[in-house]
Amino acid sequence: MIVEKHKIQNVQPVIKQLDEAAINRIAAGEVIERPSSAIKELIENSIDAGAKNIDVDVADGGKTLIRVIDDGCGMTPADLPLAVSRHATSKLNSNDLFNISTFGFRGEALPSLGAVSRLNIKTKGVKTEAAELTVDAGLVSKIKPIALNRGTVIELRDLFYATPARLKFLRTDRTELQEINKIIKSLSIAYPSISFKLRDISNNKDRLLFNVVSEKGVPEEALKQRISRVLDQSFIDNSCMVKADRENFRLSGFVALPTFSRGSTNLQHIYINQRPVKDKILIGAVRAAYSDFLAKDRYPAVVLFLECHPQFVDVNVHPSKLEVRFREPGVVRGLVISAIRHALAEAGHRSSSTIAGAALGALQANNTFPKSLYQMDLNKNGPAKLSLNRLLESPETSQIDRVIDQEFDDLKAPNGSFIDNDIKDQKSSQYPLGAARGQVHENYIIAQTEDSVVIVDQHAAHERLVYEKLKKQMEASSVVRQVLLIPEIIELSNSDISILIDKKEQLLKYGLILEEFGENAIVIRETPAILGDFNVESLILDILDELSNSENSEKLHEQITSILSRKACHGSIRSGRRLNQEEMNALLREMEITPYSGQCNHGRPTYIELKLKDIERLFGRT
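Read in our numbering, the sequence shown has 17 at position 17, and its numbers run on one by one without any break.
Source of the hints: derived by calculation from the structure; they are not laboratory data. Note that beta-carbon positions come from the ideal geometry of N, C-alpha and C, so glycine has one too. Be aware that one or more of the hints could be misleading.
Below, simulated BS3-like cross-link-like pairs (lysine-lysine); rule was C-alpha separation at most 30 Å, straight line [to be verified]:
{"id": "1", "residue 1": "144", "residue 2": "127"}
{"id": "2", "residue 1": "471", "residue 2": "503"}
{"id": "3", "residue 1": "296", "residue 2": "52"}
{"id": "4", "residue 1": "182", "residue 2": "280"}
{"id": "5", "residue 1": "142", "residue 2": "127"}
{"id": "6", "residue 1": "144", "residue 2": "52"}
{"id": "7", "residue 1": "469", "residue 2": "555"}
{"id": "8", "residue 1": "278", "residue 2": "197"}
{"id": "9", "residue 1": "197", "residue 2": "185"}
{"id": "10", "residue 1": "16", "residue 2": "52"}
{"id": "11", "residue 1": "52", "residue 2": "243"}
{"id": "12", "residue 1": "555", "residue 2": "471"}
{"id": "13", "residue 1": "503", "residue 2": "296"}
{"id": "14", "residue 1": "469", "residue 2": "509"}
{"id": "15", "residue 1": "243", "residue 2": "469"}
{"id": "16", "residue 1": "182", "residue 2": "16"}
{"id": "17", "residue 1": "243", "residue 2": "509"}
{"id": "18", "residue 1": "168", "residue 2": "278"}
{"id": "19", "residue 1": "144", "residue 2": "185"}
{"id": "20", "residue 1": "205", "residue 2": "243"}
{"id": "21", "residue 1": "127", "residue 2": "278"}
{"id": "22", "residue 1": "555", "residue 2": "296"}
{"id": "23", "residue 1": "185", "residue 2": "243"}
{"id": "24", "residue 1": "216", "residue 2": "127"}
{"id": "25", "residue 1": "243", "residue 2": "16"}
{"id": "26", "residue 1": "168", "residue 2": "216"}
{"id": "27", "residue 1": "52", "residue 2": "278"}
{"id": "28", "residue 1": "278", "residue 2": "144"}
{"id": "29", "residue 1": "168", "residue 2": "182"}
{"id": "30", "residue 1": "243", "residue 2": "472"}
{"id": "31", "residue 1": "185", "residue 2": "205"}
{"id": "32", "residue 1": "168", "residue 2": "52"}
{"id": "33", "residue 1": "16", "residue 2": "127"}
The calculated label-pair distances, taken between Cβ atoms and stated as ranges, are [to be verified]:
{"id": "34", "residue 1": "81", "residue 2": "311", "range": "29 to 37 Å"}
{"id": "35", "residue 1": "541", "residue 2": "201", "range": "48 to 56 Å"}
{"id": "36", "residue 1": "432", "residue 2": "476", "range": "56 to 64 Å"}
{"id": "37", "residue 1": "81", "residue 2": "325", "range": "28 to 36 Å"}
{"id": "38", "residue 1": "589", "residue 2": "318", "range": "51 to 59 Å"}
{"id": "39", "residue 1": "307", "residue 2": "617", "range": "41 to 49 Å"}
{"id": "40", "residue 1": "595", "residue 2": "219", "range": "24 to 32 Å"}
Turn these sequences into a full structure, and let the hints guide you.
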């Protein structure tokens, strides 16, 4: 279909006031995008009402029926007409938009739902009579008395029937139902004390899709129980607790080990004052915190709660209330990054326990090794004996200080690939990763603990150790700069120049020195030596793009750490290198004292621990 271009009329156009129905339907499109957003608004109203039990029934992915039942405080009959009137709310005091402590405050959810569908509300307050009200595409009925227990029942039928164009953009029933499930799960994590149920009653069937009861105990334990029910116990088993505060903000929650990463952001749940959000600053901070541990196509799993006084965060940015603005975004970003990295450092050499489970499953008959379990590729070209010191002396990296000593290359490897089991100097019970018993396939170290067998990928493990040493040396000596023989002049707008000048000190920390050059240009005089010969202008433009979306830029840091990571990979023990007993045990001991050693620079596991009892089960011994 060819759409005709809009033509300007010769007649002077007349400005007219839209009728109330059109206004409400346009506004409804901003608040209610799909069935899941309608359910989100209704559940949030239930939470604000103090409900302890919230039941949700849907049919046909929420397109034909949405029913939300709660046992909250309810409403009085006199409140009902106001509840379906636009911009009427009981949750905003004195029009103070800087002190919002509830989900709702706009007074738009119920009027929007009533404008695009058939809405029925039944409610009973604490000491009032029960009443019923219906709204059909904006037309409000009279209030009727009914019999009802305390609480509210809201039925939404034929969503978007009054706006057929919006109805055409909805996805399949299955897809819409999945989105509804995600919304309810996300809200249930934030409120462990509330019971949630989701039923699909399509085609006269009753399928219970989600059900969590109110969790008991202290808040911290209740949260762990709720997370284990919603996200699975494996998340709790493979995560670290986060607790930190900075200035006006407090951060808590759980962050998963890098080896527990996923291929999407589905396991990222971030809340501000218990409100689920998808904020760019917070998502970017989480990504930055894991930047040293994950490949670009992997995403960390986190459940984080950020708390602050409402005056330090603006939730009135978008009708969906998923975007926020912070008064101090730099403080928030720094808090998230430092707290996560500290938690992961405290985990030491821990690696995901699910990897061992996957490995044991692969050992069963007729099973193939799961693709989700990362493994370093074997060196098919035979043993590699590249010295890290020699690498750092190459022309490509001649300007980098020789930052670490040779650790393994000077040690002579034994002729055999398997070491005698008689270990006299180190006992398996003394160390978390045990004592080395041998090496197989010139890449995997077999170690024994008191109750398990540990398999270590020597290349991946040593890569992490070398990388951490390179980073420490870099931090201690600062970034080495190189003076450009011919300074780079880059023409920019005045606004872009102002942004870069404001971040001049931050860029200096990473070895980039710039100055204003005339009215519409900057001059780059020094760059990080480690980057060598690169496109300076392209880097500056990337930094500007990043600064336009946030208060900070990590482009320089990412490029520097990427080079360090690459050099650590090239300078580490290669697959195919035979190690003797002393070398293997030295590697194990270094792993035990080095933070983040449970995964290599790409997020792959460096070792797998197989419990003896699990191995015995494989052989039918238990």
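Here's how the hints hold up against the structure:
1. 144 to 127: Judged against 30 Å, a Cα distance of about 17 Å means the pair holds.
2. 471 to 503: 23 Å, holds
3. 296 to 52: Violated, at roughly 41 Å.
4. 182 to 280: Measuring from Cα to Cα gives roughly 20 Å; hence the hint holds.
5. 142 to 127: 21 Å, holds
6. 144 to 52: Holds, at about 26 Å.
7. 469 to 555: Holds, at roughly 22 Å.
8. 278 to 197: At roughly 24 Å apart (the allowed maximum being 30 Å), residue 197 and residue 278 satisfy the hint.
9. 197 to 185: 10 Å, holds
10. 16 to 52: Not satisfied, since the Cα-Cα distance of roughly 47 Å exceeds 30 Å.
11. 52 to 243: 27 Å, holds
12. 555 to 471: 16 Å, holds
13. 503 to 296: 26 Å, holds
14. 469 to 509: This hinted pair holds, its Cα atoms lying about 19 Å apart.
15. 243 to 469: Cα-Cα ~27 Å, so holds.
16. 182 to 16: 42 Å, violated
17. 243 to 509: This hinted pair holds, its Cα atoms lying about 28 Å apart.
18. 168 to 278: 26 Å, holds
19. 144 to 185: Not satisfied, since the Cα-Cα distance of roughly 34 Å exceeds 30 Å.
20. 205 to 243: Outside the cut-off at roughly 45 Å; violated.
21. 127 to 278: 39 Å, violated
22. 555 to 296: Holds. Residue 555 to residue 296 sits at ~14 Å (cutoff 30 Å).
23. 185 to 243: 23 Å, holds
24. 216 to 127: Holds, because 29 Å separates the two Cα atoms, which is no more than 30 Å.
25. 243 to 16: 56 Å, violated
26. 168 to 216: 44 Å, violated
27. 52 to 278: 26 Å, holds
28. 278 to 144: 41 Å, violated
29. 168 to 182: Given that 30 Å is the threshold and the Cα spacing comes to 22 Å, the pair holds.
30. 243 to 472: Answer holds: residue 243 to residue 472 is near 25 Å, not above 30 Å.
31. 185 to 205: 22 Å, holds
32. 168 to 52: 36 Å, violated
33. 16 to 127: 46 Å, violated
34. 81 to 311: 29 to 37 Å: About 33 Å separates the Cβ atoms of residue 81 and residue 311, which means 29 to 37 Å holds.
35. 541 to 201: 48 to 56 Å: Because 54 Å falls inside the window, the suggested range holds.
36. 432 to 476: 56 to 64 Å: Because 28 Å falls outside the window, the suggested range is violated.
37. 81 to 325: 28 to 36 Å: 34 Å, holds
38. 589 to 318: 51 to 59 Å: The hinted range 51 to 59 Å holds for residue 589 and residue 318, with Cβ atoms some 53 Å apart.
39. 307 to 617: 41 to 49 Å: With Cβ atoms ~45 Å apart, the hint holds.
40. 595 to 219: 24 to 32 Å: 29 Å, holds
In this structure, the hints that do not hold are numbers 3, 10, 16, 19, 20, 21, 25, 26, 28, 32, 33, 36, in rising order.
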